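Full structure from sequences and hints, please.
So the sequences go chain by chain: A and B. Heads up: the first sequence at position 198 corresponds to 198 in UniProt numbering, and the numbers run straight through without jumps. Heads up: the second sequence at position 12 corresponds to 12 in UniProt numbering, and the numbers run straight through without jumps.
One or more hints might be untrue.
Computed footprint of chain B on chain A; a stretch qualifies when at least three of its residues, placed anywhere within it, have a C-beta under 8 Å from a C-beta of chain B [unchecked claim]:
1. 26–32
2. 245–256
3. 504–511
4. 718–731
Result set (DSSO-like, lysine-lysine): computed pairs, CA atoms no more than 30 Å apart in a straight line [stated by the list, open to error]:
5. B:Lys-89 / A:Lys-17
6. A:Lys-571 / A:Lys-594
7. B:Lys-89 / A:Lys-496
8. B:Lys-89 / A:Lys-668
Derived DEER-like restraints, expressed as beta-carbon distance ranges [unchecked claim]:
9. A:Gln-26 / B:Pro-19: 24 to 32 Å
10. B:Glu-116 / A:Pro-730: 45 to 53 Å
11. B:Gly-151 / A:Arg-12: 24 to 32 Å
12. A:Arg-12 / B:Thr-11: 34 to 42 Å
13. B:Gly-151 / A:Glu-633: 50 to 58 Å
14. A:Ala-709 / B:Glu-116: 20 to 28 Å
15. B:Glu-116 / A:Asp-725: 31 to 39 Å
No lab work stands behind these hints, which were simulated from the structure alone. Treat the numbers as computed from the prediction; the structure is a model and nothing was measured. Beta carbons: idealized from backbone N, C-alpha and C, even for Gly.
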Amino acid sequence: MSERTGEREVGRSRPRKEDARLVTGQTNWTDNIGVTGLLHLSILRSPMAHARIERVDVSPALQRPGVVAAFTGRDLAEGLASLPCAWPVTEDIVLPDHPAVAVDEVRYAGDPVAVVVARDRYTAADALEAIEVDYEPLPPVLDLEAALADDASLVHADKGTNRCYVWPLATGESYETVRERADVVLHRRYHQQRLIPNAMEPRSVVVTPLAASGEYTVYSATQIPHVLRVMLSMVTGVPEHKLRVVAPDVGGGFGSKLQVYGEEVIALDLARRLGRPVKWTESRSEGFLATHHGRGQIQDIEVAATAEGRLLGLKVDLLADMGAYLMLVTPGIPILGAFMYPAIYKMDAYEFTCTGVFTTRTPTDAYRGAGRPEATYAIERIMDELAVEVGLDPVELRRRNWIGHEEFPYTSIAGLTYDSGNYEAATDKALALFGYDELRAEQAKRNESGDSVRLGIGVSTYTEMCGLAPSRVLRDLRYGAGGWEAASIRMLPTGKVEVVTGTSPHGQGHETCWSQIAADVLGVPFEDVEVVHGDTRSAPQGMDTYGSRSLVVGGAAVHHAAEKVVEKARKVAAHLLEADERDLDFADGVFSVKGSPEERRTIQEVAFETFSSHDLPDGMEPTINAEHLLDPENFSYPHGTHLCAVEIDTETGRTSIRSYVCVDDVGKVVNPVIVEGQVHGGLAQGIAQALYEEAVYDDEGNLVSGTMADYLVPGAPDLPEFTTDRTETPATSNPLGVKGVGEAGTIASTPAVVNAIVDALRPLGVHDVRMPCSPGRIWEALRSAQSDRSGWEGAERS
Amino acid sequence: MTRISVTVDGTKYEDEVEPRLLLVHYLRDRLGLTGTPVGCDTSNCGACTVDLDGVTAKSCSVLAVQADGSEVTTVQGLAVNGEWHPLQKAFHERHALQCGYCTPGMIMAARDLLRENPAPSADDVRHALEGNLCRCTGYQNIVRAVLDAAGSTEPSAQEVAP
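What follows is the structure in structure tokens.
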């Protein structure tokens, strides 16, 4: 049996175990699954944003050869409950019914209207055009403010309002009081455009029935097989113990697969009705309409400060676009931001209100960062404006307000206890890597010379609450589920190890990282560990993967479970070595008797002895396997400082990122190269919001940017080379000292880029550019600043 | 139905296909070669990129009948006797993939670049891959991997076979 070399696994940049199947094309995507008798589902979707369904006739589709069945929303409504919303954020929230297929009314372009099941995907797709639907158009509801007017058209007429909820928070002193003693009060309005997540793997679901016993296996490209199992059971009435949910290899999610989708429900229901396996795979263009969107907020933010730039208070009023229906965690997304507006800063008063608004657009829900990028954007943008107002360098303004490293643990004005951090260290490192002073000097020179290509420097600091965890806090937020995670470890007879996790990776590398964690605690070779995940039959308990929670909750659970294995194995080893447990050392997978190191048993030998069970301590259960469910007491609070230098051609409005430096503190690191990869990907998505991406709707409520040709997911030439580095302030809330990293890059990068753009253009009279800061928008901003200025100069002359 | 004859990853197939059948669906649904995935329907993402008679093609934008008489290489045909292609190795070593959905197309497109330009700059790599979208990596490690693989010799069946 192999023994360990002694080098610690945690902290090593191990190339990933996952890669072998991914680079050779042997991946098990859901759409790869084929079974005998498989039928293909296709879905007819509303071409209108809002309409009454007068008539749906699927019978012409049934005439087509190869079409097995077709159903309307009314056909399917019986026996299916509303699609679930697990986060009703207030007691009096308006919760509309959400049928998987619309019955009387369609409420967004893309709302399902009828379904066809056929022998192959082409036949199923063709048959949709035979379905006849009569629509009576209703007015679209698209403007968040107009939607709240008394005479507004209603998305859900039976609810009598488009106001979904109002969620307030007020902490510290009264904001009004601190406002009165402030020297400076700044108010700004920022727009968070809608974003479309665009995981590279389109959604897909396959359901295979075992009709005789009423059992179903649901394969889905999902982030949440465990939650999905519970919810599918509740919506369809299939008993939970008759449902197995499998997330095979899943090609990215970014929140978009943290959902219980109508198509998953429909596929299960049709497999039940027809007794045959059913597959649905979305096309990309279909996904633009049918997969939930992200962001979509109007942010009114006000800061009150002293003349020296010390923050006194912060007031935030949000309008959040829910879209047409509340999906799994739709209403909670802006609330995750509520706690993050105060960011890393100290202040005396904080007031926040979020109003959720229904519109006739695709529902919104989690998208990488989920509430926290929005909050970080608004506070970091207005901090730059405040710096200008009080005449301070933006970094200096932040220094004057942030929590000092000696002040941790620190309870923020919003009531979160930040366990650890060192904002000074991260910022100093970032400034040095960036060459901040040199770039400022160059900027001054170029501004003076009137260079037509302007240099802008943007800074953004951030912290965020992630590692979505403490179940009691989630209860207080009215979230429907807990925040624990499960891990169990099976010691196989030959000494190999199976780590069973409740997390559900879709690109993050859990197979590699959990192997590293378990290998260290158990003292077994990395190669001897296999990670089992994503199948409710083999990994029966879990809360799945989202909110940068997997490592800090699930990885820490693996650590604890492995420790339990060692303790059980110690009893067996002590018995076999005829020694007292307290007299055993354990290092690198070897139990040895203190003082007689030749008296030894490896943990892998103990596994075999336990399997044979011929000579165990009296009364001992014959296993050293162990399980651990972890419910941490706090969130995880990564932080960092991001710096961006842009060059903007004022003649074309084109922005190019000249350099991007970030120093993130995600605590201890299990696999540095994977962490770096997470940061890179996060930066790409945050930069994409700043520069490229927007879900654009026309006045009728049609999604105009409805294909990859129209919605600008950045390609390789559109992104810069990043300089990433880290500081390491261990988390105190888990034994690994780790903090979440999945969303950090996205959270910090958007304001860093826009701050850089505004910094470049401020000398030309531009104070804001609405995202995405396309060349057109920048050019418009420059033109309007120019005409404002000439108008003003003209007025002065007269 | 039209009769076609296509060689895919060294194996010759003859089939009756609908004239409208996309090459990618022929590979996936008829031949069971699911290593080549579909990422979009507007030929923007490049996930389905294959080698068609020595040039890259997005197999979602080619009909199976157009591949009649052709030789197709997919990501599943790159390893020779179990030895990975230098790009496969470099993607693994450089952590140039996360979810891996874009990886087959990315590797096929990079292979085409390196045939044309065996010593590309980072900028050359970025521009050569502009038709292949990745949502996970931010491309930096993909660029590193392709630069690493540049100059390595592609294994060929003749050299490796006993």
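Hints, verified against the model:
Look at the stretch 26–32 of chain A against chain B: 5 of its residues bring a Cβ nearer than 8 Å to a Cβ of that chain, three or more, so the hint holds. Beta-carbon proximity to chain B at under 8 Å applies to 5 residues in the stretch 245–256 of chain A; the threshold of 3 is reached and the given coverage holds. Figure legend: the stretch 504–511 of chain A, annotated as covered by chain B; annotation consistent (4 residues with Cβ-Cβ distances under 8 Å, at least 3 required). A count of 3 residues in the stretch 718–731 of chain A with a Cβ less than 8 Å from any Cβ of chain B is obtained; the coverage claim is therefore met, three being the minimum.
The straight-line distance between the Cα atoms of Lys-89 (chain B) and Lys-17 (chain A) is roughly 13 Å, inside the 30 Å bound, and the hint therefore holds. Taking the CA atoms of Lys-571 (chain A) and Lys-594 (chain A), the gap is near 15 Å; set against the 30 Å cutoff, the hint holds. With a C-alpha separation of about 26 Å, the suggested pair Lys-89 (chain B) and Lys-496 (chain A) falls inside the 30 Å cut-off, and the hint holds. Of the pairs offered as hints, the one joining Lys-89 (chain B) and Lys-668 (chain A) holds, with about 28 Å between alpha carbons and a cut-off of 30 Å not exceeded.
The supplied range of 24 to 32 Å is met by Gln-26 (chain A) and Pro-19 (chain B), whose beta-carbon atoms lie about 31 Å from each other. At about 48 Å, the CB distance of Glu-116 (chain B) to Pro-730 (chain A) agrees with the hint of 45 to 53 Å. Distance hint check for Gly-151 (chain B) and Arg-12 (chain A): the Cβ-Cβ separation is about 27 Å, which falls inside the suggested range of 24 to 32 Å. Between Arg-12 (chain A) and Thr-11 (chain B) the CB atoms are about 40 Å apart, so this pair conforms to the stated range of 34 to 42 Å.
Evaluation of the 50 to 58 Å hint for Gly-151 (chain B) and Glu-633 (chain A) yields a pass: the beta carbon distance comes to about 53 Å. For the pair Ala-709 (chain A) and Glu-116 (chain B), the beta carbons lie near 26 Å from each other, so the given range of 20 to 28 Å is met. At about 35 Å, the CB distance of Glu-116 (chain B) to Asp-725 (chain A) agrees with the hint of 31 to 39 Å.
Hint check: no violations occur; every hint is consistent with the structure.
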